[in-house]
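Position chain B against the provided structure of chain A, taking the given hints into account.
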Amino acid sequence: MEGHQRNLYLYDRFNARVAGVSHDGVPTLRHWSDDLGLTFPLLSNTTGYLGMFFGAQHKGTPMFARRTVIIDMWGKVRYIKDGSPDYREILLLLKKLHAEEGRS
Amino acid sequence: MIRALVTAAALFLLAGCAASGAPADPFAGMRTGEGTVVWQKEYEFSPMPEPWRLLELDEEDYSIAFFRSCDHGTPGNYPCESMVAYAEEPFGYSRDLNQRQKEFFRRFLWAARVDFDEPRVQPVRALEGEALQADTIGHERVLKHKVLVRVVFARRGERVVAFYFTQWRPSDKEFDRAPMEDFHRFIESFGYLKPSFYQRLQ
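Chains A and B are the protein sequences, given in the same order. The numbering used here applies: residue 1 is where the first sequence begins, and numbers increase by one. The numbering used here applies: residue 1001 is where the second sequence begins, and numbers increase by one.
Only chain A is shown next, with the shape it has when bound in the complex:
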């Protein structure tokens, strides 16, 4: 999360927004956000509905590990990767998507 916070100014330049999604409840996330000094939203997704809504998580499949999902401005999932975020890969894709937006 700290890495995303560090890159917020670059996400802004590429017209991208980041949100953290967690199975934890709101009080836990509020504490975590305050402790890390995060300024982007953390969403409490206790049922897993959000991941299923965007097609980033199969129904009935619990997700316990970290996953990075990038959704373009048309709501289409363009990137899914499990494990620690690869910030450089993320930024390069956001730059590419931003260029695509400019052409659309």
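These aren't lab readings, by the way, just hints derived from the structure by calculation. There may be inaccurate statements among the hints.
[Said to hold, decoys possible] Computed cross-link-like contacts, DSSO-like style, restricted to lysine-lysine with a CA-CA straight-line distance of at most 27 Å:
| id | chain 1 | residue 1 | chain 2 | residue 2 |
| --- | --- | --- | --- | --- |
| 1 | A | Lys76 | A | Lys59 |
| 2 | A | Lys76 | A | Lys96 |
| 3 | B | Lys1144 | B | Lys1173 |
| 4 | A | Lys95 | B | Lys1041 |
| 5 | B | Lys1144 | B | Lys1041 |
| 6 | A | Lys81 | A | Lys95 |
| 7 | B | Lys1194 | A | Lys96 |
| 8 | B | Lys1144 | B | Lys1102 |
| 9 | B | Lys1194 | A | Lys95 |
[As the list claims (entries may be wrong)] Just the calculated beta-carbon pair ranges, DEER-fashion:
| id | chain 1 | residue 1 | chain 2 | residue 2 | range |
| --- | --- | --- | --- | --- | --- |
| 10 | B | Gln1202 | A | Pro41 | 24 to 30 Å |
| 11 | B | Arg1031 | A | Lys76 | 31 to 37 Å |
| 12 | B | Leu1201 | A | Lys76 | 20 to 26 Å |
In this text, a Cβ means the ideal position worked out from N, Cα and C, and glycines have one as well.
Same frame as chain A, but now just chain B:
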């Protein structure tokens, strides 16, 4: 002919023994004619002098790090070690140097359960620009260890990078501040050979 071959083989083996006894140069093939080394085709610096050793890193917190123990005439016993490191992504996220040092010390050595004194900060210059030096001492009260910390926060393009110096000692032993001179010589010699990923991203 056979005797000559045996002699040659013996000499070869002896040469092999001599070579294995000498420490391998961790910067072999990276040295320039000016006494510096080129590291990862991106950084150029003067390597830390003996008895500093290059640390083999198995994580990405640091781009390069050096280590020395106290077995070279410095006071104290274990824990008795110093480390110098350079990090492209120091803890924290702000691009303001003073704010970044505040964020940094909330995470730095967190796993070592260290309580830091309020850092003393002062403006300095590093990497040909404005920088901020923060000095503090951390206390590990259970194991009765302490750590002397100096961090120089500098800029690479828009982003903040940092040079670290840490020295661990038992709580009742004095710090040895002489190795800090090597730390500052390392910073003065440090430079970049190409723009960073983030600079190229623009």
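What are the numbers of the hints that this structure violates, sorted from low to high?
Violated hints (numbers, rising): 5, 11; every other hint is consistent with the structure.
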